[in-house]
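Asks: Sequence:
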Amino acid sequence: TKTTVTAIEVKHIVPAYTVIVMAGKVPTSQYHPESYQLHFKIDGEEISSSVKKKFFDDVNVGDKIEVDYGLGRLSKLYQPKKIRLAHK
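Per the numbering used here, residue 1 is the first one in the sequence shown, and the count goes up by one each step.
Worth flagging that the hints you see were computed from the coordinates, not collected in a lab. Some hints here could point you the wrong way.
[Stated by the list, open to error] Label-pair distances were calculated between CB atoms; the ranges are: (1) T1 with S50: 15 to 21 Å; (2) A86 with S48: 17 to 23 Å; (3) G44 with T18: 31 to 37 Å; (4) H12 with G72: 20 to 26 Å.
[As the list claims (entries may be wrong)] Pairs of lysine to aspartate or glutamate residues, derived as EDC-like cross-links and limited to a Cα-Cα distance of at most 16 Å, are as follows: (5) K11 with D58; (6) K41 with D58; (7) K76 with D43; (8) K76 with E46; (9) K82 with D68; (10) K2 with D43; (11) K41 with D63; (12) K2 with E45; (13) K81 with E66; (14) K41 with E9; (15) K64 with D43; (16) K11 with D63; (17) K41 with E66; (18) K64 with E9.
C-beta atoms are modelled at their ideal positions from N, C-alpha and C, and glycine is treated no differently.
Assemble the whole structure, with the sequences as input and the hints as a guide.
Replies: Here's what the structure looks like:
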């Protein structure tokens with residue numbers, strides 16, 4: 001795990017939605033509740049990560065955040081593990 005400091009570029013709320021998937025021959029619905037995403041960059045790569053509503057409400061675009069991250073074993077993409085406000 002590595003840690004970097006970066007800035008929030010975009011805040012985005014993903015509305016709740018339901019999708020219908022087939023379980024064999026039976027349609028089944030899957031509900032996805034509203035989620036809160038922050039968009040930022042790590043080493044020039046654009047990353048988005050879901051965060052809890054309280055944290056989402058407490059931060060603003062341009063705020064500096066510390067991100068603990070690793071690389072996906074198969075995807076080799078950055079995977080944020082923990083996000084917090086950077087110390088000022």
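Asks: Against each hint, give a clear statement of whether it holds in the structure.
Replies: Verification of the supplied hints:
1. T1 with S50: 15 to 21 Å: At roughly 18 Å between Cβ atoms, S50 and T1 fall inside 15 to 21 Å, so the hint holds.
2. A86 with S48: 17 to 23 Å: holds (19 Å)
3. G44 with T18: 31 to 37 Å: Holds: the Cβ-Cβ distance is about 36 Å, inside 31 to 37 Å.
4. H12 with G72: 20 to 26 Å: holds (22 Å)
5. K11 with D58: Holds, at roughly 11 Å.
6. K41 with D58: violated (20 Å)
7. K76 with D43: holds (13 Å)
8. K76 with E46: holds (14 Å)
9. K82 with D68: Measuring from Cα to Cα gives roughly 5 Å; hence the hint holds.
10. K2 with D43: holds (12 Å)
11. K41 with D63: With a Cα-Cα distance of about 13 Å, the restraint between K41 and D63 holds, given a limit of 16 Å.
12. K2 with E45: Within the cut-off at roughly 15 Å; holds.
13. K81 with E66: This hinted pair holds, its Cα atoms lying about 11 Å apart.
14. K41 with E9: With a Cα-Cα distance of about 8 Å, the restraint between K41 and E9 holds, given a limit of 16 Å.
15. K64 with D43: holds (15 Å)
16. K11 with D63: holds (11 Å)
17. K41 with E66: holds (11 Å)
18. K64 with E9: The given pair, whose Cα atoms are some 10 Å apart, holds under the 16 Å limit.
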